[in-house]
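Chemist: Below, each chain spelled out in residue letters.
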Amino acid sequence: MDALEGLAKLARRAREEQTPVFGVADAVRLRIRSAAPQPITLIPLGVFGGMSAVAASIFVILAVELWNYMVSPVMELVAPLPEIPLW
Amino acid sequence: MENADWLDVTASLNGEEEAYARLVRRYEQPITGLLWRFTRDPAQCEELVQQVFVEAYFSLKTYRGDAPLLHWLRRIATRTGYRFWRARAKEPVEAALPEDFLEQVEAVDDDEIDPAEAAAVLHALLARLPDDDRLVLTLMYFEDVGTKDIAERMGWSRAKVKTQALRARRKIREIAERERLLEKLGWTR
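Residue numbers (the working numbering), protein chains in the order written: chain A, 22 to 108; chain B, 130 to 318.
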């Protein structure tokens, strides 16, 4: 008998093997529960969003105020020079 | 797809845990049988079975239902088993043939060989092959799976599987001859 024939015969016997029974349904359920992403709680997200909005508003107000005080160097070049009495 | 499977898959996707538990119970045994070919350690095998069903749950929305659910689960299980071997390859384990068994069966008719012992011998022999060769022969010998099915399960080309099978058979023949396996089994007549 060829070695491969022998292995095929061994395999036929091996296929009749009884395999163990584990009963994994409950363990799988637990693992799925622990691995599933937790629902995002909206309260901390809302607080964070609100604080961000307040900070952004303050920043915009300050930026507009600052803008009004800024003088463009380009505008200064073209603006008519104030008449300054030389003597 | 069977109607019961379809109903349970849909219910599982809607978050009904009991529906998925029913699917697990329905297909646990064939998946255990397949993974038992990858490891004969009950604890490791149980761990792999759990991994398969957890992975299947999170991939359930990708299941299109064009093939039976068991085929889809077997594909996940085969890849899980293969990954398990690849991870263990980093820590090589010398698989020894169970000598006691070989001595026991020397004079025994081949039909009287205990299937579990036959599986243990075959498992130990195949463990001496590289992972890809081992996978192809494991599925062919233990599960009676054809090259087309192996290619589909692993996402390999059929040509690769055929080449792999040819090469693997040559290697396993060499190993069996070196081990004088047939002589030990009393199958030399």
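Simulated from the structure, these hints should not be mistaken for lab results.
A hint or two may mislead.
As the list claims (entries may be wrong) - If you only want the chain A side, here are some residues facing chain B, beta carbon under 7 Å, derived:
hint : residue
1    : Leu25
2    : Ala32
3    : Arg34
4    : Ala35
5    : Glu37
6    : Thr40
7    : Ala46
8    : Val49
9    : Arg50
10   : Arg52
11   : Pro65
To be verified - Just a sample of chain A residues kept apart from chain B, beta carbon distances all over 12 Å, derived:
hint : residue
12   : Ala29
13   : Phe43
14   : Asp47
15   : Phe80
Just so it is clear, the structure is predicted and the values come from calculations on it, not from any experiment.
Glycine residues also receive a C-beta, built at the ideal position from the N, C-alpha and C atoms.
Chemist: Each of the hints needs a verdict: does it hold here or not?
Modeler: How the hints compare with the structure:
For Leu25/A, the interface hint holds, the least distance from its beta-carbon to any beta-carbon of chain B being 6 Å, beneath 7 Å. Among the interface hints, the one on Ala32/A holds; its C-beta lies about 4 Å from the nearest C-beta in chain B, closer than the 7 Å criterion. The beta carbon of Arg34/A is positioned within 7 Å of a beta carbon in chain B (closest approach about 4 Å), and the interface hint is therefore held. For Ala35/A, the interface hint holds, since its Cβ comes within 7 Å of a Cβ in chain B; the closest pair sits about 4 Å apart.
For Glu37/A, the interface hint holds, since its Cβ comes within 7 Å of a Cβ in chain B; the closest pair sits about 4 Å apart. With a least beta-carbon distance of about 4 Å to chain B, the hint placing Thr40/A at the interface is held under the 7 Å criterion. With its C-beta approaching chain B no nearer than about 4 Å, Ala46/A sits inside the 7 Å limit, and its interface hint holds. With 7 Å as the threshold, the beta carbon of Val49/A comes within range of chain B, its nearest partner Cβ sitting at about 4 Å, so the hint holds.
Taken as an interface hint, Arg50/A checks out: its beta carbon lies about 6 Å from the nearest beta carbon of chain B, inside 7 Å. Hint on Arg52/A holds. Least Cβ distance to chain B is approximately 5 Å, under the 7 Å limit. Violation of the interface hint for Pro65/A is found here, the shortest Cβ-Cβ separation to chain B being roughly 24 Å, above the 7 Å cut-off. Listed as outside the interface, Ala29/A is inconsistent with that label: its C-beta sits roughly 7 Å from the nearest C-beta of chain B, within the 12 Å cut-off.
In this structure Phe43/A is not separated from chain B by more than 12 Å, as the shortest Cβ-Cβ distance comes to only about 5 Å. Not every beta carbon of chain B lies more than 12 Å from that of Asp47/A, the smallest distance being close to 8 Å; the non-interface claim is violated. Under the 12 Å C-beta cut-off, the non-interface status given to Phe80/A relative to chain B holds; the minimum distance is some 42 Å.
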